[in-house]
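Read off the chains here:
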Amino acid sequence: MVTWVFLAAAALAILFAVVAVVARNPITNVLALVVMFFAMSAVFAVIGMDFLAAIQVIVYSGAILVLFLFVIMLLNVRRIDRLGSGRSFQAFIGTLVAAGIGAMVLVIVGLLLPEQGAVLPGAAAAGTALPIGRALLSTHLFAFEFITLLLVAAIVGAVYLGKKDLR
Amino acid sequence: MSDHVLTIVLLAPAAFAILLLPIPRVWKRVHRILTIIASSVMFAFSLKLWVGFDANDPGFQFVDTFPWIPDLGISFTIGIDGISILLVLLTTLLLPVVVLAAWRLNIEHIKSLHISLLLLTTGMIGTFVALDLFLFYVFWEITLIPMYFIIGVWGGPRRIYASVKFFLFTMAGSVLMLVGVLYLVWFHHQQTGIWTYGYLDLMTTAPLLPVTGGLLAPGLLVFAAFAIAFAVKVPIFPLHTWLPDAHVEAPSTGSVILAGVLLKMGAYGFIRFNRALLPDAWDLFTPLLVVLAVIGIIYGALVAMVQVDVKKLVAYSSVSHMGFVMLGLAAGTQASTQGAVLQMVNHGLSTGGLFLLVGMLYQRRYTRMIADFGGLAGVIPIFTGCFLFVTFSSIGLPGLNGFVGEFLILGGSWSVFPAAVVCGGLGIILGAVYMLLMVQKVFWGPLDNPANQNLPDLSIREFFVMFPLLVLIVWIGVYPMTFLSPMEAAIRLLLAN
Amino acid sequence: MILGSLWLIPALCLAGALVNLALGAARAPKSMVTVVGVGSVGAATAAGYAALWEYLNQPIGVVIEPYFTWISAGRITVDASLQLDPLSAVMVAFVTLVGLLIHLYSVGYMHGESHRGYARYFAYLNLFMFSMLLLVLGSNLLVLFVGWEGVGLCSYLLIGYYYAKPGCAAAGSKAFIVNRIGDVGFLIAVFVTLGVFGSVEYSRIFATAAAHPEQYAAAATVIGLLLLVGAIGKSAQIPLFVWLPDAMAGPTPVSALIHAATMVTAGVYMVVRANVFYRLSPTAMLTVAIVGGVTALFAATIGLVQNDIKKVLAYSTVSQLGYMFLAAGVGAFVTAIFHVVTHAFFKACLFLGSGSVIHACDGEQDMREMGGLRRHMPTTYWTFFAATLAIAGIPLFAGFFSKDEILARAFAAGAGDLNGFGRIYIALWVLGMVAALLTAFYMFRALYLTFRGDYRGDAEKERHLHESPRTMTVPLIVLGVLSIIGGFAGFPGQLFGISGLNLIDRFLEPVIVPLGSAAAHGVEAASDHGTHGLTLGVEWLLVFLSVAVAVVGILIARRFYLAPDAFAAPRRLAERLPFISMLLLNKYWIDELYGAMIIGPIYRFATFCWRVVDELIIDTIFINGSAFAVELTGDILRFTTTGNVRNYALSVALAILALAMWLW
Amino acid sequence: MNAADVVAIPYTWVLALSAALFAIGTLGVLLRRNAIAIFLSLEIMLNSANLAFAAFAFRFATGHATAAAAIDGQVFIFFVIAVAAAEAAIGLALFIALYRHKETIDVDRFNILRW
Amino acid sequence: MLTPSPADLLAVAPEIILAVAAGLVLIVEAFLPSVRKHLSELTLAAVGCALWARITLPLPGAVWSDTLHIDGLASFVDIYILVAVFLTVWMAGPFLRRVGADHGEFYSLLLFATVGAMVMAASVNLLTIFLGLELLSIPLYVLNAFLRRTAISLEAGLKYFVVGAFASAFVVYGMALLYGATATMNIVEIGQRVVDAGALNPLTAVGLAMVVGGLAFKLALVPCHAWAPDVYQGSPTPVTAFLSVVPKGAALIVLLRLAVGMDLLQVSSRWVIGISIVAVASQVLGNVIAIVQRDVKRMLAYSGIAHMGYALVAVLVAGPEGGTAVLVYFAAYTLMNMGAFAAIALLSEREDRPHLIDDLKGQGYHRPVAALTLTACLFSLAGVPPFLGFTAKFMVFRAAVNEGFVLLAVIGVLNSLLSAFYYLRVIYTLYMEPLPEREPRLEPSLPTAAVATVAALGVLVLGTFPGPVIDAAASAILSLVR
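Protein chains in written order, with this note's numbering: chain A, 1415 to 1581; chain B, 2 to 498; chain C, 1193 to 1856; chain D, 4 to 118; chain E, 6 to 487.
Among the clues, some could well be false.
Claimed, not checked - Some, not all, of what chain E presents toward chain D, calculated at C-beta under 8 Å:
| hint | residue |
| --- | --- |
| 1 | Leu-182 |
| 2 | Tyr-184 |
| 3 | Gly-185 |
As the list claims (entries may be wrong) - Pairs of lysine-lysine residues, derived as DSSO-like cross-links and limited to a Cα-Cα distance of at most 30 Å, are as follows:
| hint | chain 1 | residue 1 | chain 2 | residue 2 |
| --- | --- | --- | --- | --- |
| 4 | B | Lys-442 | C | Lys-1357 |
| 5 | A | Lys-1577 | D | Lys-105 |
| 6 | C | Lys-1779 | C | Lys-1357 |
| 7 | D | Lys-105 | A | Lys-1578 |
| 8 | E | Lys-42 | A | Lys-1577 |
| 9 | C | Lys-1779 | B | Lys-442 |
| 10 | C | Lys-1222 | C | Lys-1357 |
| 11 | C | Lys-1357 | C | Lys-1653 |
| 12 | B | Lys-29 | E | Lys-366 |
| 13 | C | Lys-1653 | C | Lys-1222 |
| 14 | E | Lys-42 | A | Lys-1578 |
The set of hints was computed from the structure by calculation and includes no laboratory data. Predicted model, so just to flag it, every value in this text is computed and none were measured. Glycine residues also receive a C-beta, built at the ideal position from the N, C-alpha and C atoms.
With the hints as extra help, turn the sequences into a complete structure.
Shown next as structure tokens:
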């Protein structure tokens, strides 16, 4: 059963990822991305990472993509370029490279296939918020503090770039 | 000698250059006066080396050593032996001469000219006295910068091309030398487990570099790495083409230093490093060196013969003369080597003198084309006299310095490479040809060009510029033992291994 | 007391030279210059003769005075030292004498020059005396070489004395450069000597060589030939004689002193000095003889048709030098020196005479513009006449004794089949005889054209014709007298059965070092003075023969240039043999030949080296070419930075993919 | 749902999914011209990275390594999401600035600087 | 333990100081108009304090539960990073006033980026490395585009952003793979695993490749270099100076930590070959294209590509000597580049125009200080003694030769010969070309001149007496290799 859920989510993710990449209306792109993110959070859930599944939906779909939508509205970009339009050589090589990278990782996956994932012992409820929260406040305390700087910097920068000239 | 005489001689010019910095550049006269005084004092002081030098000691004297980069085994170690002392003194002598020669030059940026000259002097002396290969390399490269500016800033119309060519040629040679040095040091570490760049230390292991096993034998490669660097400086055919350009474009101040000292750095490097550090490879390369030397002698003379620009002619004559030096070094007998070292000094004096005179001529007429002159002897007899004098010294008239050097070089080489000596003889003939024909076209004949009607004759100052050179030319010609005996022991030791 | 400080002799002249240079720079009055110039040489002469006197009154054969080590490095050691032996004594004696006379003569001849010019002239002349004396007094090959080059330098300077006059400078350079060719031969000879004997001291090398003839025979050949190259250059022998005629561009006294009396004989001196080597090496000696004999005739033929009086004398000098080499070549070294001396007298006299003539016809040198000068300048005429007789070889005149002995010895060498080259020597003797005939002819031709007949120049000039001042005539007279009586120094007593009358022979005897084990060698026989394997009868026959030859020459000259229909005969002859006359008039096109065969190609090659090898191949193709290649590459590669950010991203992805694949 | 009673799918499947998404994202970045589209593709790439982390974390959680290791992976995802947010902020602001200046956000049009 | 120990906080005191200052600047600008003119001084003070703290404070080593290693290595890099920042800020003040963009954000972002770089240099944990990298990049995206009205500045920002974000996506993915391969985030342990395995398994290899690729982007190594010229040219000069130095220092250290940790020199011959190729390619391409550049900043960008090529050789050699060489090289490169860019800022007339070499004609005697400092720095970049650049190159080639990479050394020296070609062009344009009729209007700026002078003097003095730098580097590297 889990397997089917996963397969379905995966299929959905890939499908809408493709849509997000191919579609020529930015709104479509973003919405496709939203769906894809939902699919992803499903995957997270399937492999027992409830916390991630949650923030995936909240932060990504809830915050970031909304931001996108705002910007798209702001700049009211309607129809945008077709995938691979313009520089055909770039498109050609680009496709090859992308495929190559994907293939490469997939081959690795193939190499790893032999050893299968085992039963997830209920005891090790790895994915729940508690252990992650612990880790964040102990092992990764520094990173946790540090990310604030990152966000502040981002805000400062965004504000500077976004604001109209003061003088 | 613990009173650091050599260190002072070495660093005084640079220190003085720094002293000049704060003085405003509009006070040209101040700069000139200070520099001339300082350089004269420096020369006088450098004579302490001559006085305190023990001719019977083949080793290095006035050795000073200070730690520099101890972890890498690099130290500031300097000292002179019978070979380098002459070159050091030649350098310190030429400095006041060129400063005095540049006295009336109405050019801009006098301050920076003097500073460049002083820094250049330190660089050149350092090259001759360094006993640490890293130090040597540093000084070797340092000389590039001031010379680059001297040619490029105060030079002629094609000065930029010439200066860049000079810089790149020399650097092209020396970068490989750096790798050579590193390899020697690494090899020494392999052998002894000690990191050192000391000349005397490397002397113990460098000869062990294998020279057998095809062209890629380390010994041969390292030798080549050094040889190319020096060959460019000497210069040896076919690496010589920077020389005419540099000389023609450089102000006479630069040409004098260039011909007088810089070229010697190459020959000095050959004898000090290639010969002393890699004797086996040297033996293998000797035939090649001899051939190139002979080519240089004849080729330089031939090309000089057909020049239309006096300065270019003298420049090519340098190629020919340095060919003699290389022949002497390559032959490697006691006599020929001593002759070669003496010939370095001779060439410094006579060619330096020629460049000074050509420079004075240029100052009077702002041309160097042979065709623009003719019959000057009637207008400026004393100048003509000086010019003839130096000319004959440069074509090796017995009784003047040139002869002694050439005689020792050829006489010493005769037992080893008679054929080369015969070609050298050809070079002597051609030497007379190009110099005398030039003199004939410039000074003799009717005074056909009205522009030359009333040129001023040699001024007192100019005479004093030439005077020390003339004296030395005669001195070396009549009693060369003054200069031959100090180098005797050192060269004997050097040729021993 | 001069002996023991021989250096004084040249040093005095050097001092004179330096002082005069200074005076010239200071534009001092000519009188001072004269005093210094002539005075210094006078002093040197005095010193020279004093030394000679002391030398004669003391037992030692060779006085050697080492002063200091000049050059010493490795196996090369050369001392700065002088030596006085019979040979150098003779040379000193006549060099100083002739030199002094010519200095005197110059005072009058050069009085027209500017202050500076005058001083310069005397400075050079003194410098020349210094070098020449150094040359003859030096006790080793290298000191000799110093003088050797020194005289070359002075010759260069003095030929170019009238530097403003076109051609003078060129002639000077030519002289020096041609000499340089010889000098290099000399230098290499020195190197060989150093290599073989480890020394260049006469005392060492000759003694050693003479002691072991067989051992050093080969070396002797090499050294001998190389030295000969030097001598050929200095003494203007074939093929290097071309510079001497041009050298006449210099002032006439200079021609007299340097290019007739002294410098050019340095080659002969050197060959004689090295007689040991030549006697050890038949080949070398034969070469000397051939060069001499051929040159003697060759130059004489050119002399036949010259119209410039100085040119005539120049070629006659070359030819006379040829005689000297012939002499040396047949082993008559002493005779060679003897001829050097006599030749110095009469040729100097001739040149000074011609100088006086030129002086009179203010600068005119073409004999066709002269004639009948006897009336105007008797002294000059008579001295010139005497010298002409001497050079023509009329008995009892100086030239007769020396030249006749040379020819006799040549014949003897042939008859005695010297070194088995008898035939060749006979041939050379014939050349010598013919040359003698020609000599007599062209010298009298010159005499007649100049002094006899009627003046052919324009009347305006004729009025100025005058005898030269005392300072010029006195030297003329002295030299004239010397060229009459000078020969008696080598009076061939043996012709009259009295031996020992030949002073010079006796005096110079020690110069010919006996060869150790080869005492019985043919050379030895030849070199012994007096009887040279010929019977008295043959000797007298030869004498008459040569006299006859001379007389015939004179008569032909008389027929051609003094007969009522003067000049017609030679013209007819010329028309009959057009080619030969062209050949002679153009001096066999030797200069042109050298120009085309040697100088031209060298210049073309040099230009090729410069323009093609240096500028095109090395600079343009390699240096600038590589720079251009680099810049071109850069200009192409710069377009890899397309400016399109997606390309950049692509290259990043590509790089990562490649690296990942590679590291896999 | 409680993960205790389920049989887990192989983590390699998740990895495969991430690989596919990564490829798609790369493709988008390389082939789109519109800045926003490119940026969306970038987000896809980041998410695929997240999946990769998740996959491995899942693996380690299932007894192939310490639990701590498994947690680390998830923490990383957490931070990646945060960083993504930050990048989004900056990027979009930048796009706005660009758009203000040039009335377009087609990256191919920004090539004053080249060669 | 929910709160960090004092030791942890003390260890990152400099970072904290900078972070605080970064916020403070904004607050001051917002609420204290009177002080607004002195933001740069304020920032300078902060940087100074941080520098002082970094120098004086002890180096505890592993802190923050072993995510950071505040060791000699980190502190060496930090010091030069801080010096670079100090100089940048110093010259930024007048520059921003000149171009009318003196906003507090500039300093704030600059400081944030600095913190990022320092953290990156100190991190031994994939997570913190990644975060440091991002904190370094994100402000830089803005700083590149800081002249919002200048087309090239915006374009620079866009390009740096797109490529940067793309590269960091790869970095993350690579990290994921590394994490997957080794079940840890600590690069020391990762390295240990690799060393134990004695080879790179596919997972590690690909992960490493992706991370290295991301770092190569930061270092502008061929073929991840193409952004550099554009961004250098477009960015405001002080930013270019910062950009050309600080990220490279951090990236070099991470690369070094990885290479040494995994002992790649021994483990993977393919690594050696691959990196050698990249190094040589960077040197050749950088120098050859630099030769034909007419814009000074662009030229320096390409030369920077070449220089990272040299530095990469040292990274390849690794070991004590290689490590020392890397550090010395970074130190030298910092001073040379800061000096060069400061001098260029002095000699450039307008920001929105390309800084053509020809505009420097005859400035040599007209603007002595700027010209002289630029000359010194360029000679140093060319690797001519007695400047520090020579010492740096010397160390690199020495390390290479001693490890047997003689060929790399030869290629390296030949490349520095090539580079002399274009450095000399600038110098002769300065001194040997005549002043043009219409000479550029340059307003002198004392601070900028001071920066240039300090850097040039540093280059000269440290080049003449390199002992201290080399000692410091040698002892610093001991914390990584022993």
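Hints violated by the structure (numbers, ascending):
Structure breaks no hint.
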